[in-house]
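Visitor: Sequence:
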Amino acid sequence: MDQIATGQPLSARRLAGEEDFALGFATTAELDPLSDWPGQDRALEALRLAADTDHGDFNLYVLGTPGTGRHSATRQVLAEAAARRPPPPDRVYVNRFDDPRRPIATELPPGRAVELRDALRKVVNDLADDIPAIFESEDYQTRRRAIEDSYSERHEQAMGVLADAARARGVAIMRTPMGFGAAPRKGDEILPPDEYEKLPEDERNRIGAAIDELRDQLEDVLKDVPRGLKAQRAEVEELNVAMAREGVDAALADAVRRFADHLSVTRHLQALREDLIDNAELFLIREDGAQAGAFPVATSRHHLKPQFRRYAVNVIVGQDPE
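Quick note on numbering: the working numbering labels position 73 of the sequence shown as 69, and the sequence is numbered without any gaps.
Just so you know, the hints here were simulated from the structure itself, not pulled from any lab data. Treat the hints with caution; some may be incorrect.
Unchecked claim - Label pairs and their in silico Cβ distance ranges:
no. : residue 1 : residue 2 : range
1   : 275       : 103       : 23 to 29 Å
2   : 277       : 107       : 43 to 49 Å
3   : 152       : 245       : 36 to 42 Å
4   : 87        : 306       : 18 to 24 Å
5   : 128       : 50        : 52 to 58 Å
If you're wondering where the values come from, they're calculated on a predicted model, not measured in any experiment. Heads up, the beta-carbon is just placed ideally off N, CA and C, and yes, glycines get one too.
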């Protein structure tokens, strides 16, 4: 007869076991994203095929039930495909100064779009401080005064020669509320009309002829004044351009050096240089309420002002320079 083995009964604790149910993380935020989507093998295969198709005439269209992860899966597949390819070029728009309605699209090596944008911001910020300083400098003021004094002295000299010639002929050149005029004189005084009428007829005729002749000469001298002022303004403008050019070239030197190997940027910098010189007065505009003090808030943010938007670089595709 078979014997039935007997033993000690198991306790409830031993029957339950001692499993460790810890998940190894506190929240799901600590977990890496899923690298795959269960049950979506064919969809993922189609996504990868589309992502690896290098042709401009194909598009990728994804359709699925909300909550299935179609957006996340598409982004991940495209990110993986992009990582296998060389970085795409950066793309920017810059101002076409002679036709602002048609900006210029330019491609740059990866990371250089942001570099160009920041470089030209610095140019504008520097010039906003440098241009006013240039035109307030003692050097500029001295050179401008020399130009203005030269034309003023030339006019005064012509008037002095005419006054000496008039004095020798008994005529005075005088300034009136209506301008300059000529009148008979006696010594250093203007001859009153009643005394002039008492002069002999021959003397009156001589003085009258001299007055008529000197009036013609005076008219010629006065006609030269507008021409002289025009020439003076032209010379001052040449000085302004020369001073602005010095400041602009100094501010642009670093950007020109850094982008010397990029033809389209070099061309833009040349056009930018000419526009900065032609419009240097933009940097002389003072705004009411500008902050004074040792540490102005907007010291380095002049590029944000509306008048300087023409010099901005619009980054369409930009990658981290690092």
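Visitor: Compare the structure with each hint and give your call.
Guide: Checked hints:
{"no.": "1", "hint": "275 <-> 103: 23 to 29 Å", "in the structure": "holds, 28 Å"}
{"no.": "2", "hint": "277 <-> 107: 43 to 49 Å", "in the structure": "violated, 35 Å"}
{"no.": "3", "hint": "152 <-> 245: 36 to 42 Å", "in the structure": "holds, 38 Å"}
{"no.": "4", "hint": "87 <-> 306: 18 to 24 Å", "in the structure": "holds, 20 Å"}
{"no.": "5", "hint": "128 <-> 50: 52 to 58 Å", "in the structure": "holds, 53 Å"}
The structure fails to meet hint 2 from the earlier list, while all remaining hints are met.
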